[in-house]
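J.: Okay, here's what each chain looks like letter by letter:
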Amino acid sequence: MKLVWKLLRQHISIPQFAGFFFANLIGMLIILLGVQFYNDIQNVYDSEDSLMKSDYIILNKKVGTLGSIIGKSGSFSEDEIDDIEDQDFTKKVGLFTPSNYNVRASFDIEGFSKFSTEMFFESVPDEFVDVKSEQWGYKEGETTIPIVLPKNYLDLYNFGFAQSRSLPKLSAGILGAIKLRIQIAGNGHVENFDGRIAGFSSRLNTILVPQAFMQWANEHFSSGNDKEAQRIILEVDNPADEAINAFIQDHNYETDTDKLQASKTNYVLKVIIGIVMSVGLLISILSFYILMLSVYLLVQKNTTKLQNLLLLGYSPAKVSMPYQLLTVGLNVLVFALAWVLLVVVRQIYLAMLESFFPGMERPSMMMALGVGVALLLIVSIFNVVAVRSKITGIWRQKE
Amino acid sequence: MNSIRLKSTLPNVFLNREDIVSDIWRKDITLEKGKFYLIEANSGTGKSSLCSYIFGYRNDYRGEILFDEKNVALFRQKDWSKIRRKHIALMWQELRLFPELTAMENVLIKNKLTGFQKKKTIVQWFDMLGISDKTDTKLQLMSFGQQQRVALIRSLCQPFDFIFVDEPISHLDDSNALIMGNLLTEEAKRQGAGVVTTSIGKHIELDYNQIFKL
Numbered sequence: 001m002k003l004v005w006k007l008l009r010q011h012i013s014i015p016q017f018a019g020f021f022f023a024n025l026i027g028m029l030i031i032l033l034g035v036q037f038y039n040d041i042q043n044v045y046d047s048e049d050s051l052m053k054s055d056y057i058i059l060n061k062k063v064g065t066l067g068s069i070i071g072k073s074g075s076f077s078e079d080e081i082d083d084i085e086d087q088d089f090t091k092k093v094g095l096f097t098p099s100n101y102n103v104r105a106s107f108d109i110e111g112f113s114k115f116s117t118e119m120f121f122e123s124v125p126d127e128f129v130d131v132k133s134e135q136w137g138y139k140e141g142e143t144t145i146p147i148v149l150p151k152n153y154l155d156l157y158n159f160g161f162a163q164s165r166s167l168p169k170l171s172a173g174i175l176g177a178i179k180l181r182i183q184i185a186g187n188g189h190v191e192n193f194d195g196r197i198a199g200f201s202s203r204l205n206t207i208l209v210p211q212a213f214m215q216w217a218n219e220h221f222s223s224g225n226d227k228e229a230q231r232i233i234l235e236v237d238n239p240a241d242e243a244i245n246a247f248i249q250d251h252n253y254e255t256d257t258d259k260l261q262a263s264k265t266n267y268v269l270k271v272i273i274g275i276v277m278s279v280g281l282l283i284s285i286l287s288f289y290i291l292m293l294s295v296y297l298l299v300q301k302n303t304t305k306l307q308n309l310l311l312l313g314y315s316p317a318k319v320s321m322p323y324q325l326l327t328v329g330l331n332v333l334v335f336a337l338a339w340v341l342l343v344v345v346r347q348i349y350l351a352m353l354e355s356f357f358p359g360m361e362r363p364s365m366m367m368a369l370g371v372g373v374a375l376l377l378i379v380s381i382f383n384v385v386a387v388r389s390k391i392t393g394i395w396r397q398k399e
Numbered sequence: 001m002n003s004i005r006l007k008s009t010l011p012n013v014f015l016n017r018e019d020i021v022s023d024i025w026r027k028d029i030t031l032e033k034g035k036f037y038l039i040e041a042n043s044g045t046g047k048s049s050l051c052s053y054i055f056g057y058r059n060d061y062r063g064e065i066l067f068d069e070k071n072v073a074l075f076r077q078k079d080w081s082k083i084r085r086k087h088i089a090l091m092w093q094e095l096r097l098f099p100e101l102t103a104m105e106n107v108l109i110k111n112k113l114t115g116f117q118k119k120k121t122i123v124q125w126f127d128m129l130g131i132s133d134k135t136d137t138k139l140q141l142m143s144f145g146q147q148q149r150v151a152l153i154r155s156l157c158q159p160f161d162f163i164f165v166d167e168p169i170s171h172l173d174d175s176n177a178l179i180m181g182n183l184l185t186e187e188a189k190r191q192g193a194g195v196v197t198t199s200i201g202k203h204i205e206l207d208y209n210q211i212f213k214l
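In order, the protein sequence lines correspond to chains A and B. Residues 1 to 399 (our numbering) are what the first sequence spells out, left to right. Residues 1 to 214 (our numbering) are what the second sequence spells out, left to right.
Just so you know, these hints were derived from the structure itself, not from any lab. Certain hints may be false.
Said to hold, decoys possible - Quick list of simulated restraints, FRET-style, between CB atoms:
| hint | chain 1 | residue 1 | chain 2 | residue 2 | range |
| --- | --- | --- | --- | --- | --- |
| 1 | A | K2 | B | D28 | 45 to 55 angstroms |
| 2 | B | N42 | A | T304 | 26 to 36 angstroms |
| 3 | B | L74 | A | N39 | 52 to 62 angstroms |
As the list claims (entries may be wrong) - Below, in silico cross-link-like pairs of lysine-lysine (DSS-like), each with a Cα-Cα straight-line distance of 25 angstroms or less:
| hint | chain 1 | residue 1 | chain 2 | residue 2 |
| --- | --- | --- | --- | --- |
| 4 | B | K119 | A | K2 |
| 5 | A | K390 | B | K82 |
| 6 | A | K318 | B | K112 |
| 7 | A | K2 | B | K27 |
To be verified - Just a sample of chain B residues kept apart from chain A, beta carbon distances all over 10 angstroms, derived:
| hint | residue |
| --- | --- |
| 8 | I20 |
| 9 | K27 |
| 10 | K70 |
| 11 | K202 |
Predicted, not measured: the structure shown is a model, and the values here were computed from it. We put the CB at the ideal spot given by N, CA and C, even for glycine.
If we strip away everything but chain A, and leave its shape as in the complex, we get (with noise of 0.2 angstroms):
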């Protein structure tokens, strides 16, 4: 194979393979930093809030004066639901479901202080809550039911009044590990259960537990008359999308802007990260190109050696080979080159975000090494087969 590959390196033009390593390199490099600052950004996102995706939206009706004062209801009808189900932008959507009977709470943080309140209980369906389903759930008999709280009772409490009181501030974590104890009662039944806090949300102005608990609960406590659903959330493609808004508006609804506009933010984000991903893959396709072309060069500068092995006995695939190892080693080089770009890369602005949310996580780089493999297999397998497919056209002689 030696004396094939000096006969083959000849017209093998170092510029052109040069401005392909160069054009692809940097076309991989801004595809796999596109994948990883979307994933690093993402997180941050997340963290924000783990149990809510950020494309839900809560809607709810307008609480009026002259509501107030005539009693009429909050609650959506069916026709109503149908309505938001039907529009365009709507991917899903899920009630909320009140809790039909008297909640007290309580607990005591070891030689403080004891707290007690009244308090309620909602749900909503369990494929909008984003906690793992077996840290989420309920089974009848079970006497711990997993809680999700609003993360401003927390802030209420550390900010307010713990520093009032001068009480030790709580982290999320620690309270996780505190068990709230509840009574419920309702129908003539009273029952003592253990809360555990499964979780705080920032997007959800509510205290949650699972569908199933509600709905078991609901059937033994409640004394007859369900309530309806006073509010709605709902799953969106584009929370950004104007029809949203207008929706909202027309039908007087409300809902919180604020999340919305962190939605709008991120998609925002979400799009112009894809703008630039499209832009490295199409750099990546232009350089593909160019070595297509170089390579069909090659192969047409080279055509009477290559026939001439062929015409010694050579196979065409091992007269292809070189031409192919020449492909992938150089596919495999700027894969490995992007990589280590890549890291050092991260590592600068993982800094600059780290000093904007502090005790951020630092996300795995596995989806940005399985993008970044797939295109290397894709432009390899592609290029083995073209390479082929070339010499097996100058076989024959062209008549």
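With chain A's structure known, arrange chain B on it following the hints.
T.: Chain B only, in chain A's frame:
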């Protein structure tokens, strides 16, 4: 492979010509293993085309070419690669050597593929044909006559049932032609192979069983 049969074979370029008088075109002839043939031809009668058809390099002909009664039109690339390595050797009229390589490298690029001849034998042949001082010379610096000898050595670096030599001595003097003829005979006899030589005038002196006029 024991026989090569040409059945009503005719190059496409001669299709419109009714006046072709030939012992091969439009006839049914069989070349047998172990026999020596000479094909005499005027230039432009399709001698090199014939070699190309038999070697699977071109297929612009009508009629059939059969190896052991198998039609070669049905052969695939890998069949041809195998035939070129193990069954048919061909010394092209235009030699098809690699000018960038040395004389020895030109031979080794074939021998490394087949692993057929010992390096010692090859060196001996270079010596016999009077080009032992040229082994490390780039081919493009050698005369056509010297290149013809390199091409012959290369064509012997494989097992074969038939060897085709297309005008092998057009640029050789008589004594070198004689040495080449002896070498060819010796190697063909050793392998029990058939020899087919072509010529447009001066031909290599062998013990021919049959002479065709193309």
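J.: Look at each hint and say if it fits the structure.
T.: So, going through the hints one by one against the coordinates:
| no. | hint | result |
| --- | --- | --- |
| 1 | A:K2 to B:D28: 45 to 55 angstroms | holds, 46 angstroms |
| 2 | B:N42 to A:T304: 26 to 36 angstroms | holds, 27 angstroms |
| 3 | B:L74 to A:N39: 52 to 62 angstroms | holds, 56 angstroms |
| 4 | B:K119 to A:K2 | holds, 17 angstroms |
| 5 | A:K390 to B:K82 | holds, 21 angstroms |
| 6 | A:K318 to B:K112 | holds, 13 angstroms |
| 7 | A:K2 to B:K27 | violated, 45 angstroms |
| 8 | I20 | holds, 20 angstroms |
| 9 | K27 | holds, 24 angstroms |
| 10 | K70 | holds, 19 angstroms |
| 11 | K202 | holds, 26 angstroms |
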